[in-house]
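Number of protein chains: 2
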Amino acid sequence: MEVKEVKKYAADISSIKEAHKRINSYIHKTPVLSSESLNAISGRSLFFKCECFQKGGAFKFRGACNAVLSLDDDQAAKGVVTHSSGNHAAALSLAARLRGIPAYIAVPKNAPKCKVENVMRYGGQVIWSEVTMQSRESVASKVLQETGAVLLHPYNDGRIISGQGTISLELLEQVPQLDCIIVPISGGGLISGVALAAKSINPAIRILAAEPVGANDAAQSKAAGRIITLPETSTVADGLRAFLGDLTWPVVRDFVDDVITVEDKQIIEAMRLCYEILKVAIEPSGAIGLAAVLSNSFRNNPTWQDCKNVGIILSGGNVDLGVLWDSFRK
Amino acid sequence: MEVKEVKKYAADISSIKEAHKRINSYIHKTPVLSSESLNAISGRSLFFKCECFQKGGAFKFRGACNAVLSLDDDQAAKGVVTHSSGNHAAALSLAARLRGIPAYIAVPKNAPKCKVENVMRYGGQVIWSEVTMQSRESVASKVLQETGAVLLHPYNDGRIISGQGTISLELLEQVPQLDCIIVPISGGGLISGVALAAKSINPAIRILAAEPVGANDAAQSKAAGRIITLPETSTVADGLRAFLGDLTWPVVRDFVDDVITVEDKQIIEAMRLCYEILKVAIEPSGAIGLAAVLSNSFRNNPTWQDCKNVGIILSGGNVDLGVLWDSFRK
Chain A
187 MEVKEVKKYA ADISSIKEAH KRINSYIHKT PVLSSESLNA ISGRSLFFKC
237 ECFQKGGAFK FRGACNAVLS LDDDQAAKGV VTHSSGNHAA ALSLAARLRG
287 IPAYIAVPKN APKCKVENVM RYGGQVIWSE VTMQSRESVA SKVLQETGAV
337 LLHPYNDGRI ISGQGTISLE LLEQVPQLDC IIVPISGGGL ISGVALAAKS
387 INPAIRILAA EPVGANDAAQ SKAAGRIITL PETSTVADGL RAFLGDLTWP
437 VVRDFVDDVI TVEDKQIIEA MRLCYEILKV AIEPSGAIGL AAVLSNSFRN
487 NPTWQDCKNV GIILSGGNVD LGVLWDSFRK
Chain B
187 MEVKEVKKYA ADISSIKEAH KRINSYIHKT PVLSSESLNA ISGRSLFFKC
237 ECFQKGGAFK FRGACNAVLS LDDDQAAKGV VTHSSGNHAA ALSLAARLRG
287 IPAYIAVPKN APKCKVENVM RYGGQVIWSE VTMQSRESVA SKVLQETGAV
337 LLHPYNDGRI ISGQGTISLE LLEQVPQLDC IIVPISGGGL ISGVALAAKS
387 INPAIRILAA EPVGANDAAQ SKAAGRIITL PETSTVADGL RAFLGDLTWP
437 VVRDFVDDVI TVEDKQIIEA MRLCYEILKV AIEPSGAIGL AAVLSNSFRN
487 NPTWQDCKNV GIILSGGNVD LGVLWDSFRK
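Going down the list, the protein sequences come from chains A and B. Heads up, the first sequence is in the working numbering, so the first residue is 187 and it goes up one at a time. Heads up, the second sequence is in the working numbering, so the first residue is 187 and it goes up one at a time.
Worth flagging that the hints you see were computed from the coordinates, not collected in a lab. It cannot be assumed that every hint is accurate.
Identical copies carry no separate label here, and so any pair may be met within one copy or between two of them.
[Unchecked claim] Derived DSS-like pairs: lysine-lysine, alpha-carbon spacing no greater than 25 Å straight-line:
no. : residue 1 : residue 2
1   : K328      : K194
2   : K516      : K299
3   : K264      : K299
4   : K299      : K207
5   : K299      : K451
6   : K193      : K203
7   : K264      : K328
8   : K194      : K295
9   : K328      : K203
10  : K494      : K194
11  : K207      : K328
12  : K295      : K328
13  : K215      : K516
14  : K451      : K516
My request is simple: use the sequences and hints to build the entire structure.
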């Protein structure tokens, strides 16, 4: 009997490099912006990886594209299904359209308007659910049964994680001197891919998660040494309300150096700085990395004093302008 | 008696290449963004040169930096003066700070708040004027007399034109296949530099000016074959209210293929598309190129049918968020 080698993590540098080959001609190689004004405010050199300029307005297209292109023809024929607050849904719709297959999307009723419009713009079929994760998952599995389509989870999937990891391949080529990368954390797909690739390229680089206080399951999980989920979440960052999965948790446990939690008001201030200084539209989830680097808990922690060159992933830009303006006025 | 060769234009490809060497380590090489959604809407391949991400939030830093660094030490010592609706003022303040000299700025009372804040952020000394060009010029010349500083005109200056022309050196390296470039026109400094450099690199490339109907002096000047100024202007594009100067007019006359005029509502719609699809904050003046490429006068003109690859200069991103939101709601 052959003994199969058990892979310890859902992705690795080879699967991430394969993903990059697979998706490279479909994605945008997003630019890195910098600002002397923000460097002065933070006391570091900040390098903003602008995934808000990715297709669909968020990093999610990398993973969705990799997953959809990884399916064999028989699997793909009946289409794909997911549940999502919006960015994965739009990304999956776009990836499915590229491949010429249907995408069925269970969308919670409270998803931001611009994200749902993106799904529709890319030809995804919206099926509304209640806002709870339970409802989202049950609506998705009903569609699954009816259509025979393939479920592509927003983050707890090795193909998704590998796709998101391609960000690090680009970023460390664009800015090789990074000491650390700050990454928004929600279900953990983005940070898992980013951490696995970055630490494989440069084992000395440090990976920091940024998380809202009102959805701090990753900070709690790291402290407890096991996955903690929360009875409810409360944060302006609609993209950061998911919990770690069984495939992302081991990567977060082993490769994420620390979690910085920030208040919603810090997120909103970071959105303002992104708009006013960087001239970039950033959704709350996308701005949390800047909020983290400006937070006192990061500034005053001696562990991070020598992180001079800081990569910050601006993960997405899908924010309704009226919502942005309202949040600034509060 | 020696006969001096009279230069026909205030700048040329050599002065632009010299400018690029002079300013290259101080400016951002701005990225070029593209969007399949906007390609589909316009029926062309659009390449957005994002000068909104230039230092100070607009292309103006290129020219100001070149002019300030071109001064000899004696000239520079007493500082620089200008009058500006804001972007040149902020750019000059920043360039002066780099050189360690004072910048005196005559700012009209109606200048956008964020632009005046930029001047102050970069250490420029604001001297308020009335909104008319006459008042702006007279305030500037009073400061000139009092300080002995050097006047640096916002556009009617070969050093400024050469600095702005460096955009074409970058853009045609980033996207060599461009058939035409659409450029906002106001005083003509930007388009003069862009046209001189681009047509020197690729004589077949076409240069189109984009101008608001309510400040259409360039369109009128091209039609009349001489500089036309207007008794007043009326447009949301606060950066496009100036008139051609005696150094920019000959370049516009000889190197600009046509002028497209657009309504303010088209400019506002273009700002919305920039925000919602490109995820970029663009001021009205900056969005006019996109408005032009989407206008019926451009779409339906057979002359431009074969312009498949279109460069669009997003010239600046300094727009107060509240003003942006108000303009969308109207």
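Right, here's what the structure says about each hint:
{"no.": "1", "hint": "K328 / K194", "verdict": "neither (32 Å within a copy, 74 Å between copies)"}
{"no.": "2", "hint": "K516 / K299", "verdict": "both (21 Å within a copy, 20 Å between copies)"}
{"no.": "3", "hint": "K264 / K299", "verdict": "neither (28 Å within a copy, 54 Å between copies)"}
{"no.": "4", "hint": "K299 / K207", "verdict": "neither (33 Å within a copy, 46 Å between copies)"}
{"no.": "5", "hint": "K299 / K451", "verdict": "both (22 Å within a copy, 23 Å between copies)"}
{"no.": "6", "hint": "K193 / K203", "verdict": "within (17 Å within a copy, 55 Å between copies)"}
{"no.": "7", "hint": "K264 / K328", "verdict": "within (15 Å within a copy, 75 Å between copies)"}
{"no.": "8", "hint": "K194 / K295", "verdict": "neither (37 Å within a copy, 64 Å between copies)"}
{"no.": "9", "hint": "K328 / K203", "verdict": "neither (34 Å within a copy, 63 Å between copies)"}
{"no.": "10", "hint": "K494 / K194", "verdict": "neither (32 Å within a copy, 50 Å between copies)"}
{"no.": "11", "hint": "K207 / K328", "verdict": "neither (34 Å within a copy, 63 Å between copies)"}
{"no.": "12", "hint": "K295 / K328", "verdict": "within (17 Å within a copy, 62 Å between copies)"}
{"no.": "13", "hint": "K215 / K516", "verdict": "neither (35 Å within a copy, 36 Å between copies)"}
{"no.": "14", "hint": "K451 / K516", "verdict": "within (9 Å within a copy, 29 Å between copies)"}
The structure fails hints 1, 3, 4, 8, 9, 10, 11 and 13 (numbered hints given earlier, in ascending order).
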